[in-house]
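Chains as they are written, first to last, in our numbering: chain A, 1 to 92; chain B, 1001 to 1491.
Hint data in this document are derived by calculation from the structure and do not stem from the laboratory. None of these values were measured; they are calculated from a predicted model.
Now the stretches of chain A that chain B is said to cover, found in silico as 3 or more residues with beta-carbon under 8 Å: (1) 18-25; (2) 28-36; (3) 50-61; (4) 64-77; (5) 80-88.
Using N, Cα and C, we set each Cβ at its ideal position, and we do this for glycine too.
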Amino acid sequence: MISIILCVLGIHGLFFYRNLALKAGSWALFQLGLIFFLFNLASLGDPLTNVLILQTAGITLAVILLQGALCLKLWKRFKTLDGREIAGKVSK
Amino acid sequence: MAGAWLVLTAGFFSHRVSRWTTYGVLFLTLGLVLKTFPKLFAEGPWHYSLGGWAPPWGIELVLRPFTVFMACFLLMLVLLAFFLLGIYGTIAGLLKTKENLGGPLLLVLVSSLLTLLFARDGFTLYLFLQIAVVSGAGLFLCVTRQGWLESFYFLLGGSAGASLLLMGFILLYASTGTLHLDDTLARLFIAKNFSMALAAGIFLSAAWGFLFCFPSPFFFTRLLDLTPPFVLGLLSSVVVRTGVYLLFLLVFFVLNIPGMSQPEGMVALEYFLVFLFLAHFILAARQKDFLHSAAYLSVAQLGILFMGLILGSKSALTGTLMELLSQMLVVMGLFSAVGVLSLKPAGAHPFSKLAGLGRHDFGVAMTLIVFVFSIVGIPPTGGFFGKFLLFQAVLEKKDWILMTALLLTAVLNVVSAGRFTWLLFEHRKAASFHAQISFSKKAPLLFLAIAILLLGLFHQEVIHNFIEPALPKAFLNSPVPNVPFLGKQVE
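Throw the hints in and build the complete structure from the sequences for me.
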């Protein structure tokens, strides 16, 4: 149940937040939901599931770091993380 | 992937060494891929486990004639893109450090796409799709100025797509206990778990939504204006079309459980999506900007491929795969033409600048005609045979809705192609400015146009040797029925 809530929250945030950091956080929430889902499957005793949890967590961490670096760069440049505001400034 | 590290290291010492090392790695990979053909034709599919480990720690690769053939297309297109990257870098005054980083990122993109073509494990597909998205976003950063926001959105959208793919595979794993694609089908068949297969199918299809919309001007307007056209062409031809091939693989080799039928609502949604993609042909015809028109055409042509996937018969799937190969060349060709014919590295590319191009440079005008005729489906271009087979499939199935869509698309495209040809060869006294196009710039366009014609001329060989063996087993004329079970072929 927790995994479904996390995934739904993640998808909602991806579509509806304007703040880029919140969007990235929502994606991480979605991934967390998937990891929780795998945790539930791990109780079945298949060692493959543990490997999948580790790898998914690793990939999520790597990608969120990259997204964080891009957010930091945008924050330094535009002093905001509002997607529309940045797009407006870039268009000018 | 090892080549990317080598090129990155070389970039610290010399820009020139880095550049030639990238060429060397790409040519070496192409040579190795070509060398597999004799073994594939003699012994059939080639299974290889990287490091001898089973997935997901190791990577199991399966080389089949079609995937290897597609890999050759992919490598050739990447070579062209890298060649054009050099020209663009000089024109746009791109920093050498950025160009040095572009080579390794391109190699990472290539290796992840090749793995997507060869891997047969769900988690490996997810992992390498994510790597492809990261390297694509990195490539945008390298070739654009101020492209941080666009790269962020590409990374986020692509990662969300990869997450949906993982979601689909996890659902299948929960139901079957395996991530191996062949085993999944066998176990789903035994368990008859249709509802789980349908749920997984929705996620596995939705995963490609973001990439299939690339580079529609609806969603990527700023990216289109900032990015050099050949990078857009590369991504929309190789990344998007590899995605279509994987969708074909998932639908017909993983989720195609005998006895399973789709709900009517889902079928209606599939038809709606086909119409939605085909509607981009109308938008392409209304554009006054060459780049935006090429972007709409790239998205619109996906509708034809999806039509084949919906029909699902032997002719339809053969036509779809043939069309897929042709589209890879055409899309890259159109975007490269935009780049070669524009005077500036970025910005507007009005059609009016092409007026009378045929009188100024006949060769380039003819290459454009070949690309456009392939989209329309005029023989002997590669685009004709795919569309002909799809037309045949629609007639066989008596699907009048798709027949109407196909005919309307054909009529619209014939009119647009006629107008475009007239524009290229019309005589204008108020001559538009045409800069002299050097042979080195023209060469990629000529190469792509010749490849499209060769694909059409040798279509029988391509279909017989590469496409037919890639079809689902039900369509093969094999004397003994083979059922994939637990990764082995069991009679």
